[in-house]
Amino acid sequence: MRALAILAAGASTRLGEDKVLADVGGRSVLAWSLAAAEASRTFEEMVVVAAPAALSRIADALAREGSDARVIAGGATRTASSWAALDALPNATVIAIHDAARPFVPPSLFERCVEAAERDGAAAAGLRLAETVRRVDESGGSLEEVEREGLWTAQTPQAFLRELLVRAREAARDRSFTDDAAAVTALGVGVRMIPGDRRNLKITTLEDLAYARELADKGLAAIATRAIR
3 MRALAILAAG
13 ASTRLGEDKV
23 LADVGGRSVL
33 AWSLAAAEAS
43 RTFEEMVVVA
53 APAALSRIAD
63 ALAREGSDAR
73 VIAGGATRTA
83 SSWAALDALP
93 NATVIAIHDA
103 ARPFVPPSLF
113 ERCVEAAERD
123 GAAAAGLRLA
133 ETVRRVDESG
143 GSLEEVEREG
153 LWTAQTPQAF
163 LRELLVRARE
173 AARDRSFTDD
183 AAAVTALGVG
193 VRMIPGDRRN
203 LKITTLEDLA
213 YARELADKGL
223 AAIATRAIR
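Heads up: the sequence shown begins at 3 in the working numbering, then just goes up one per residue.
Think of the hints as simulated: they come from the structure by calculation, not from any bench.
Any given hint might turn out to be false.
Distance condition first, Cα-Cα at most 20 Å in a straight line; then the derived SDA-like pairs of lysine to any residue [unchecked claim]:
#1 Lys-204 to Gly-123
#2 Lys-220 to Glu-209
#3 Lys-204 to Ala-24
#4 Lys-220 to Leu-189
#5 Lys-204 to Lys-220
#6 Lys-204 to Glu-133
#7 Lys-204 to Ala-156
#8 Lys-204 to Leu-153
#9 Lys-204 to Val-168
#10 Lys-204 to Asp-25
#11 Lys-204 to Val-191
#12 Lys-204 to Leu-23
#13 Lys-204 to Glu-216
#14 Lys-204 to Gly-192
#15 Lys-204 to Ala-132
#16 Lys-204 to Ala-53
#17 Lys-204 to Gly-28
#18 Lys-220 to Ala-53
#19 Lys-220 to Leu-208
#20 Lys-204 to Val-138
#21 Lys-204 to Asp-181
#22 Lys-220 to Gly-27
#23 Lys-220 to Leu-203
Assemble the whole structure, with the sequences as input and the hints as a guide.
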């Protein structure tokens, strides 16, 4: 069974509000992510992992959207929230994990990541690094240019055979990771990188939120997701 966990348990400290419930083009950030996942027709089960204090607000938001996704409580870290999703999806063979704060994910990206995980065990969306990268010191002084050959920026969705996530949790113990691909890589398992989309931005700051609203107002978000109801 293919399952999806949408992680919506972040603290939103840099945004100053619950970013997954922020309005973008007449719908919440979370609703965009759910709509894209549903439009992909990839998953037989979906859960939304929310902060314990936000469970009722997230559940109400899903009810307004008419979503069948279950809401479960997440942990204090991203990694803990992923492990909560793992426990909530015991019958899944493949689990995809997506940041709720990436509202404009193309539906086809879910399918491509899941198919790659079924074939290779683990897959993650990402983009080849196109810009020049420089290492700087604490004062902002430029130290050196970093060779970008072979470097990618990571996105979500990321998808894994469930058995790999179980092994990753057992090996991790109390360690936290920046994403789930890192937890699997720590096992010595390779992760297949799947070309993502530049519109699949992650909303972290007020500037990100303003840019997402601009995309929605211009209709560019609909082009990316093709999931407008």
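Hint by hint, here is what the structure shows:
1. Lys-204 to Gly-123: violated, 25 Å
2. Lys-220 to Glu-209: Distance of about 17 Å is within 20 Å: holds.
3. Lys-204 to Ala-24: holds, 13 Å
4. Lys-220 to Leu-189: violated, 43 Å
5. Lys-204 to Lys-220: Since the Cα atoms of Lys-204 and Lys-220 sit roughly 18 Å apart, the hinted pair holds (cutoff 20 Å).
6. Lys-204 to Glu-133: holds, 18 Å
7. Lys-204 to Ala-156: holds, 11 Å
8. Lys-204 to Leu-153: Distance ~19 Å between Lys-204 and Leu-153 Cα, so the pair holds.
9. Lys-204 to Val-168: violated, 27 Å
10. Lys-204 to Asp-25: The given pair, whose Cα atoms are some 15 Å apart, holds under the 20 Å limit.
11. Lys-204 to Val-191: violated, 26 Å
12. Lys-204 to Leu-23: holds, 14 Å
13. Lys-204 to Glu-216: Status holds; Cα separation ~14 Å.
14. Lys-204 to Gly-192: violated, 24 Å
15. Lys-204 to Ala-132: Roughly 18 Å separates the two Cα atoms, so the pair holds.
16. Lys-204 to Ala-53: holds, 18 Å
17. Lys-204 to Gly-28: holds, 18 Å
18. Lys-220 to Ala-53: Violated: Lys-220 and Ala-53 sit about 32 Å apart, past 20 Å.
19. Lys-220 to Leu-208: Within the cut-off at roughly 18 Å; holds.
20. Lys-204 to Val-138: The given pair, whose Cα atoms are some 24 Å apart, is violated under the 20 Å limit.
21. Lys-204 to Asp-181: holds, 13 Å
22. Lys-220 to Gly-27: holds, 9 Å
23. Lys-220 to Leu-203: holds, 16 Å
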